[in-house]
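Trainee: So the chains spell out like this:
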Amino acid sequence: MPDLLIELFSEEIPARMQARAAQDLKRLMTDGLVEAGLTYAHAEAFATPRRLALAVEGLSPQSPTRREERRGPRTDAPDKAIEGFLRATGLRRDQLEARDDKKGQVFFATIETPGRGAAEIVAEVLEHVIRHFPWPKSMRWGAGNLRWVRPLHAILCILSDESGAQVVPLTVDGIEAGDTTRGHRFMAPEPFAVTGFEDYAAKLRRAFVVLDAGERAEHIRAEAQAQAFALGLEWVEDAGLLAEVAGLVEWPVVLVGEIGADFLDLPPEVLQTSMKEHQKFFSLRDPKSGQIVRFVTVANRETADDGATILAGNRKVLAARLSDAKFFWENDLRRVREGGLEGMAEGLANVTFHNKLGSQKDRISRIEALAREIAPLVGADPDAAALAARVAKADLRSEMVGEFPELQGVMGVYYARAQGLPEDVALACKAHYQPLGPGDSVPTSPVSVAVALADKIDTLTGFWAIDEKPTGSKDPFALRRAALGVIRIVLANQLSVCLADIIAQSRFSPWRRPWDLPHDFSAADVDDIDDVSTAIERIRTSKVRDWVLDDGEEWVRRMKTALEGAFDEDKLNELKGIASDISEAEGTVFGADLLTFFHDRLKVHLRDQGLRHDVIDACLYTSGSAPSGATPGNDDLTLLVKRAEALSAFLKTDDGENLVQGFKRANNILTQAEEQDGVEYSFGPDPKLAEGLEETALFAALDEAEAAIAPAMQAEDFAAAMAAMARLRAPIDAFFEAVQINADNAILRRNRLNLLHRIRAACLQVADLTRLEG
Amino acid sequence: MPQAPEKPRSFQEIILRLQGYWASRGCAVLQPYDMEVGAGTFHPATTLRALGTRPWAAAYVQPSRRPTDGRYGDNPNRLQHYYQYQVLIKPSPPDLQALYLGSLRAIGIDAALHDIRFVEDDWESPTLGAWGLGWEVWCDGMEVSQFTYFQQVGGHDCRPVSGELTYGLERLAMYVLGVDHVMEMPFNDPDAPIPLSYGDVFRQTEQEYSRWNFDQADTDMLFQHFQDAEAECQRILGAPATDSAGRAITMAHPAYDQCIKASHIFNLLDARGVISVTERQAYIGRVRALAKLCADAFLRTEAGGATDGAAA
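Protein chains in written order, with the working numbering: chain Y, 549 to 1322; chain H, -13 to 298.
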């Protein structure tokens, strides 16, 4: 069983593409080999900046011979047909076999494809893989036509077994495969031959190349941590940067350098970002002060001066970078001292947020107004929330954020402090963007919460108003993230706020965009009949019409009537009243639509937390209302989740599970009877008609349950409501056991159906149990 | 390995050594293009000569202007006027990386002591409708050059592919000479009878142009000049194929001059802060459209390889 070794040696492969490329090489080669009939025991791929390598162990020496039988024409078929069959199979007539078949004698051909040697197959598959390699971006070079990520210089391809190594004969676009490679570009540039994977890896290491990216990363990590430890510092871990740096070197040499004293008073985030983004440096932190005090660079070579020249150069480059950062920092601080963050925010009038939603400045004033409304609901001072909203995005105009966009918010905190703004206002600069992703924390200080909610709701209502809602996988404005952010903020802070009210406060809600006649509309304007007919046209095309068509027609009729005859103050008021009615209706539709979006996100969020979606549905739509008309109170997410959690816990108990069964049984019988009889059995059942202990007991139990459930729900004590409901379980079970609902006596039957209705009504107060699955 | 040459002592010595090195490697050493450009790539010796099938090898210094980078001569390494050294070889030779490393050696960068790396950096010029793949070359963490294999210019595939090297001369020289502020860098030999620093030559011009670029350039006039250049470029390329004497001459280069002009005027307007984010894209698109027209025209000329097929 030979082993296969392949190395594709090129100019420097982008770090971010290496790992994927190694995996692609392994997958495409092994798939191709297997498809051609070879088997193998094990395969492993590697990448360095200048090479992709693949080692395949235990490859079969050749593919098996394949036999295939094909049925041909009848023996008495015309010559033409038989000749065609011979051409198709590549056989002679005497090689065909005549066999009896249902239709008479038929020719059969047995085609034998002899197995092929591994070398031939490897050459064929490898050429195909090279020519069709899935690089994210590839290029041509020189006068050739081959595409690779950067110019491909050499192909090493050998099959080796006990008897030695053989080069696989292969030439791709003038590059002939061989058994040689090269070591480190500078430390060991001479070519050398290899006989197999072990020999290859060992010789590479002697030639200053660590083949395995994981090993390079591990070396960097261990070395950086050791050097940090020796200095009493801690290494700031950064997995993304580590993987990238490991892809930039074949022979990692970790060097720690000092950051000039001039720069140590820059915020640690600035130091870290500048060092990482520009220089791909790691940071070392002083655990006592939290300051970044050293940098770690990873060189690609050893030098006679132990890296002194390299380190000096890196230090100098860093100093130039940090002087820029310091220049930005000092300029920004000066601007803040002179004009405050509000002055800095002035320029945001020239920054477009979205061409239909105005500038960043427009957006900030909307957020300010909304934050002021939300503040009392979340325990924040409205003035503080408004101030925070005005300054929270000012740093978008700072020079530092211009240079490092990822520092938005972070710089705002520093600048707000420098201006002497209250700490909770300062913190809101960063916190109002949060949570930025599933792993990010949620703002908790009331001012931050108010601005964060206002920011997200402004985004949502704005894009909703211009009909830019997410569809399928497309969510260019990250509206799902915004909605999830609102949900997480509300739940984490146990906020008792009604989202529908907040949405209605948004400038984009039709509530707040009164669908009105112009402010200065007066009797005189009625002569200009166009205004009013435009208004009527707006009703006709209003989105509301789809939802409440009758009202829409009614409005049109009312408006027309108002225009008949002489026009006076009363008619003007009538028109204004109609306009305001329409705004209200549109506002309701808008709010309900957006609320449904929130509910969908909430379901996804809670499902991730392990809550069943049907449990959430049951709590969302109590009383069996339609999704569009979610139950009042369902925009209080905290309450909703409490209810869902209580229901979920209840369903896990024995009582809960059985009660649901009892409820469903009652509900099914009742629903059937109601459909069959065409009546609703909602009259109170008469306890005097109860027969037997079980029925009497159920009446008593229902009296008790109803008396307990309503006040418990009122007090939002869901556990108590569930417990009260649970106490119905035994009486209901006993009732069904002992009593026949569809009694022959029609009066008894009706009374029992009415009794079932009481069961249903009592339970539906707590949650819509009909929506539970199973 | 041969001993690394002695370190250069001045800015001009680094330029001279690069000139000597690339001349010895067979490049035609050209002179700067006599127009204001944002980068060495705009020189027709690169933009236009990267097009078509004819082999090409050229090296030159190109003074470059980036109005928004002006800092009144105060910043240690930002300038609104600076020099690029540019090499373009078509087709890109297989040993271009080695040739390039040889040029670093020639200016005193000893690869045995320094950490030289090729870090992914794909190049794209939206105004030229051009892109390529390559790297920025780092020496001890500093970007010393751009190294690009051109794939498209003016919307045309490059066949064969040109290899382009661009050295930011001031930054590179400051590093090699161990200078911290560009204005303190020796321009000529520090032992010359009249030693001149970079600041002696350029500090005042940096101040003057920074003021003009940021505060004074007449934007109405510039908008007008942009339109004029655009119109002239289109007019030149729309002229009849033959002149009054019946000579068939495509005026690709004069048209391209107007494209360069439009591009630079756009940069000036940008520095004056009078182009909004949305307009920006539109202006870049207009320059790109000119570059595309010029590239189309160049490919119809002899230097663009249009006659090669006919001659064969």
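Just so you know, these hints were derived from the structure itself, not from any lab.
Watch out, some of these pointers could steer you wrong.
[Unchecked claim] Not everything, but these chain H residues come out facing chain Y in the computed CB check (under 8 Å): (1) 58; (2) 86; (3) 94; (4) 98; (5) 135; (6) 138; (7) 141; (8) 142.
[To be verified] Simulated pairs of lysine to aspartate or glutamate, EDC-like, Cα-Cα distance not exceeding 20 Å: (9) Y:824 to H:60; (10) H:278 to H:288; (11) Y:1190 to Y:1228; (12) Y:828 to Y:817; (13) Y:1236 to Y:1225; (14) Y:1190 to Y:1023; (15) Y:864 to H:129; (16) Y:685 to H:122; (17) Y:828 to H:129; (18) Y:685 to H:143; (19) Y:864 to H:170; (20) Y:685 to H:166; (21) Y:874 to Y:886; (22) Y:685 to H:288; (23) Y:864 to H:143; (24) Y:685 to H:110; (25) Y:824 to H:206; (26) Y:874 to H:214; (27) Y:864 to Y:785; (28) H:-7 to Y:1162; (29) Y:836 to Y:872; (30) Y:651 to Y:605; (31) Y:874 to H:166; (32) Y:864 to H:60; (33) H:278 to H:204; (34) Y:864 to H:108; (35) Y:574 to Y:605; (36) Y:1151 to Y:1316.
Every residue, glycine too, gets a C-beta built ideally from N, C-alpha and C.
Trainee: Of the hints stated earlier, which fail here?
Mentor: Hints 1, 2, 3, 6, 7, 8, 9, 11, 13, 14, 20, 22, 23, 25, 26, 27, 28, 29, 30, 33, 34 are the ones this structure does not satisfy, whereas the remaining hints hold.
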